[in-house]
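Residue numbers (our numbering), protein chains in the order written: chain A, 2 to 229; chain B, 2 to 229; chain C, 2 to 229; chain D, 2 to 229; chain E, 2 to 229; chain F, 2 to 229.
Don't read these hints as lab results, they were simulated from the structure. This list has only true hints and no planted wrong ones.
Since the list gives no way to pick out one identical chain from another, each pair is judged satisfied if it fits inside one copy or across any two copies.
Here are the simulated BS3-like cross-link-like pairs (lysine-lysine), alpha carbons at most 30 Å apart as the crow flies: (1) K103 x K123; (2) K123 x K43; (3) K227 x K141; (4) K181 x K50; (5) K50 x K196; (6) K35 x K181; (7) K123 x K188.
Protein chains: 6
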Amino acid sequence: MGVCVTNIARTPESVVEGYQGAEVATIHEAQGRKGLLASYMKPIYTGVKIAGNAITVEVAPGDNWMLHVAVEQCQPGDILVVSPSSPCEDGYFGDLLATSLKARGVRGLIMDAGVRDTATLKEMGFPVWSKTVFAQGCVKETVGNVNIPIVCAGQLVNPGDLIVADEDGVVCVRRQEAEKVLETANKRTANEEAKRARFEAGELGLDIYNMRERLAAEGLVYVDQKDY
Amino acid sequence: MGVCVTNIARTPESVVEGYQGAEVATIHEAQGRKGLLASYMKPIYTGVKIAGNAITVEVAPGDNWMLHVAVEQCQPGDILVVSPSSPCEDGYFGDLLATSLKARGVRGLIMDAGVRDTATLKEMGFPVWSKTVFAQGCVKETVGNVNIPIVCAGQLVNPGDLIVADEDGVVCVRRQEAEKVLETANKRTANEEAKRARFEAGELGLDIYNMRERLAAEGLVYVDQKDY
Amino acid sequence: MGVCVTNIARTPESVVEGYQGAEVATIHEAQGRKGLLASYMKPIYTGVKIAGNAITVEVAPGDNWMLHVAVEQCQPGDILVVSPSSPCEDGYFGDLLATSLKARGVRGLIMDAGVRDTATLKEMGFPVWSKTVFAQGCVKETVGNVNIPIVCAGQLVNPGDLIVADEDGVVCVRRQEAEKVLETANKRTANEEAKRARFEAGELGLDIYNMRERLAAEGLVYVDQKDY
Amino acid sequence: MGVCVTNIARTPESVVEGYQGAEVATIHEAQGRKGLLASYMKPIYTGVKIAGNAITVEVAPGDNWMLHVAVEQCQPGDILVVSPSSPCEDGYFGDLLATSLKARGVRGLIMDAGVRDTATLKEMGFPVWSKTVFAQGCVKETVGNVNIPIVCAGQLVNPGDLIVADEDGVVCVRRQEAEKVLETANKRTANEEAKRARFEAGELGLDIYNMRERLAAEGLVYVDQKDY
Amino acid sequence: MGVCVTNIARTPESVVEGYQGAEVATIHEAQGRKGLLASYMKPIYTGVKIAGNAITVEVAPGDNWMLHVAVEQCQPGDILVVSPSSPCEDGYFGDLLATSLKARGVRGLIMDAGVRDTATLKEMGFPVWSKTVFAQGCVKETVGNVNIPIVCAGQLVNPGDLIVADEDGVVCVRRQEAEKVLETANKRTANEEAKRARFEAGELGLDIYNMRERLAAEGLVYVDQKDY
Amino acid sequence: MGVCVTNIARTPESVVEGYQGAEVATIHEAQGRKGLLASYMKPIYTGVKIAGNAITVEVAPGDNWMLHVAVEQCQPGDILVVSPSSPCEDGYFGDLLATSLKARGVRGLIMDAGVRDTATLKEMGFPVWSKTVFAQGCVKETVGNVNIPIVCAGQLVNPGDLIVADEDGVVCVRRQEAEKVLETANKRTANEEAKRARFEAGELGLDIYNMRERLAAEGLVYVDQKDY
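Work out the full structure, taking the sequences as your base and the hints as a guide.
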């Protein structure tokens, strides 16, 4: 038994586009330090950043059958987010599935398991964040679920949530909060730019953030090494 | 006590050459999903692929003495496959040993432990797949074995077996099966090319592989999100 | 309560400079196979090598407040070495702190935890060796220590010790031993160059290092495969 | 900023009681193989089994302040379920907090981090399932959340969900499904008892489950070793 | 496609019995420090030791179908040794299968994956060494192999090889070497008893093993702390 | 080359004795949350607690020769603390060495690697905290160091430092601070006893520690679930 939920609500593309200018670290801060997938999720090649709507897939260990079901649910601008029902490193995904997703306008894959054909995926320009790279093939025997809420790399992801991934990792933003979070993230980015100029000019964080007094209050003392 | 087996039988170079066109993932499928080394075996630099005959080496933890014994057994087209007798991350291998192997026409190293001098190895163009990179040096005190069957990264490797390694990992093919597996792999590659064209044209795996009926039989149901 | 030790003794720049020509693996050998940080310390991008004086920082888990205190203690040629008081993967460090350190002439960061903004750090050319990359933000609530002896990635590091890092990892040299170790390392490098020429010419380690007799004494026997 | 949700809906005690007779493995099967927390969650001592309503707590890394907030929300029959906002092994919990929880009738703790004072916890008879045992203390500086949905050890847990833990691990049952799942679990347990008698009598699973024909259809062949 | 090899050759029970008095550590030494399974293989309860003939099983990840095939091949005195074709932690084995094996006189299970129902297994007195304990259930969809050579926890195990397991772990002895290894192990045990008496009497290993001269030759020096 | 430092300064037994009443968690807090060895250091059996002076040993990977050198340096009340120069899981220690140490009045072993003969060690009542249990034997070829400062499981340990180990783990106290830390630990224990009585009586930590105001100031809000 399994279910494939169709016609899911998505984050509007106008909002998604705005996320192209925001970094994963900033977005995570902007929504109150939440939504980050585990640090073991790594890009298979660097120099890429994607933002899009989550199509969620729950698969059995060593079984990638449901990926084919999920492909049909994808629209341009989507990102496939896949999680096995128990920990697995097998290679669920390779260049043929990537070709199929690319033909539908999908922007990338977030896979809490292994992927393969990585040299070809890089050539094709199909970005993937995964737990590992492993050539181990999968069977197609057990039905799973598409577009139900899943836990992927320690984070709850609902279908239609916004996914942003860059070299620092992957963050999930609730669809309902995507607009507000973007606004906060953009302010944060602007604020960081201002700070950067001051740091470049040699100002210290101790002064910029006015930390000295509070550090002393918390008990920080300075001692010359010759007196230590 | 240790043994170094000489004059081992090898896979004929005519067969080995054929493997240059086949990928690790495809070869592993072609031989019935077996022979893959563990996913922690990673190339120290990308963009390389090698195929060759295994010279096997069993070493003591933190002791790389036997590598020098093994070098003498190598012929052009060989690949050194090394496994410690208990788990170890030390740097068994660096640029001097690589220079020696390269002088003998060896194509690369598969090391279930650490290696070092990786920047130089990349410059030299000597490919290595290893468990980790670690500068820790080794002693030369304990005798091991060369060209006996070993377990490397979870996989049995016999001397003279065929080793293929690319960005997806490392696969071992039994010497006796190398010709047949290549044939199957080539057919598989050809078949994948045909499939790729259909995926590029937007056909779905659900239809190409005729999956819909069986999915329904296994209980997959489609539900519109507004009814879920 | 915490302490920031000021005016620490440093390795003279004349000595530090000399280390630019020595590799981590060689330095570690030159000082008797000691001083290597754990193999999980990886550069966030390749093709870099740094040498400099350690400014040490002990931070609370998930709390990067003390990094700002440490920045003020940095001089040109220093390297920041950071260790959490219990294991943590959070992203303690990003592009703003890197901008601040760069403005002070700091050469890089050694972080036994996570870092973020790695794409920008690479663009800026600010080298980092870390346990992982993770966008997870930190708080600024708990005081730690600057320039006390710390254990970083399994290795004791004193303020003012010499740190060298390249693609093979990170090594720490005691300030008091830095001059002598460099001398030994340079001899070792020269010796390796001589050896390399012989290996390139096809000589075997078995003969260069005169190993055959001792191997036989330790019980190594050669057996033709047909007799095995 | 943080929130503590009060007066949460709970699974009725009449249902919770029924779970005392069901095993974690059986419950997980009964609800369609879902709800299991990661296998690294281990009991600090064996010979215990608990069932109760989840009080959920999200804490900052290395900061156990919110546990005190959570204690006040606990009622007899509850189980505290705690997850740090990023991975952490620190000892969030010891005998004083256990004394406080015990005084309120709480049945145990599920901690996706470290705990300490384990010898005393065993003496007190306060059961804990945790990621590790670690004496490392926590600060009380950062506000988190109580009784919001959290991801604990890879599994979504809502406040008021049913938690069952035994030597095999921890399973979470949605509050709304708790009654139905118990019914299925009880049937499954009864069915297993019947099967057990047949296995004890020497019948084979091949016959009890009528597997022989399907195995042959899937290609299983029997070969005598002398012909293999 | 899969194969079940029948009528395998076994180690004679007269030899197997002899192993009841030998420890895993001693056996491993007696056969030249080989045959040990990885250190992550732990008993689910302590105070047990088993010795018997290996019935080997290769299973698909998350699929325990072949265990039922294997049960039929078991005879009194056998030990089931199971390895998944790619790494997996799922609970392949529980009390019903244990009941079936016990009814056939099987002495225990070596499982390079997860097991469940551990409280019941302990009650039943059915010993298991496994990679982990995890309640996650398996499917029965994919055929594997019985009684072919497998790699289990990093070690090659042939059907009919001798398996010995105690609190220190699991060791595999080749069937053909079982008699000779036992003899060596027994001598070793006797020798250790003699040594033990000398250690109890306060003699030092330095003297018993005559180490002082060789230590000095290798460069060991003694320095009083006040001169260090 | 290696050194064995003799006649080391020790913590006076009068102080060591006082630590029998203090727990590892309390001692770690009493000295400002420092000194804890990594959480992977586990007792091989439960129900024990030891305190004593550190005899430190640095060994090569897979080489336990120096343990015999160290034994001679031990006095009644000492604890052996061993660390390999690179990570290793081999079984450095078994019942014969334990017999030798016991004969000298040594209280236990702290081993940042593997140990074996654990069933016998438990019978003998010789307590060990180790990284793992592994039967893998060691060679005796490489000289290391005794009674120099070492890093063991992430913590600096000097010879003569005080080691305390219980079920929560292992803590190291500097010899020079041992008396003062004990005093603080004892006060802390007394204070905890007072707190325990209040918790048992049902008082809340929120009130005992007067947290409510500060929590509100930090932004904690209470919301009834029906309004959330």
